[in-house]
Amino acid sequence: VQLQASGGGLVQAGGSLRLSCAASGNIDSIIFMGWYRQVPGKQRELIARVTSGGIPYHEDSVKGRFTISTNNAKNTVYLQMNVLKPEDTAVYFCYARTRRTTVWGQGTQVTVSS
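Read in order, the letters of the sequence shown correspond to residues 53 to 166 in the numbering used here.
Derived by calculation from the structure, the hints in this document are not laboratory data.
Owing to the predicted nature of the structure, the values given are computational and were not obtained by experimental measurement.
Wrong hints could be hidden among the right ones.
Claimed, not checked - Below are the DSS-like pairs computed for lysine-lysine, each with C-alpha atoms no more than 30 angstroms apart in a straight line:
no., residue 1, residue 2
1, Lys115, Lys126
2, Lys115, Lys94
3, Lys137, Lys115
4, Lys94, Lys137
Please construct the entire structure, taking both the sequences and the accompanying hints into account.
Take a look at the structure:
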């Protein structure tokens, strides 16, 4: 499985961004996909994930503002981020969990200005 993330950028507080992560390869092996984020000096933090069956999970810190979803083919996962705050500034990483391993996409920077 390979992952290609896109969609980061610079936005003002209160604005929105949508991140995308496209999976290729042995997609049928994916159990769930999701997003983490990381700021310098801190551990990577889970944001949201969605199972191959489409069941979502969102961390409390983003619940009500961020929404994770997938396309019909279940090979792309999206993270719609609304009402962004400066504390959402981080590098966002998508990941895919298979029975054997966890695969990471390249990070995409999200910067929220106040």
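Okay, the hints, checked on the actual structure:
{"no.": "1", "hint": "Lys115 / Lys126", "verdict": "holds (22 angstroms)"}
{"no.": "2", "hint": "Lys115 / Lys94", "verdict": "holds (21 angstroms)"}
{"no.": "3", "hint": "Lys137 / Lys115", "verdict": "holds (13 angstroms)"}
{"no.": "4", "hint": "Lys94 / Lys137", "verdict": "holds (18 angstroms)"}
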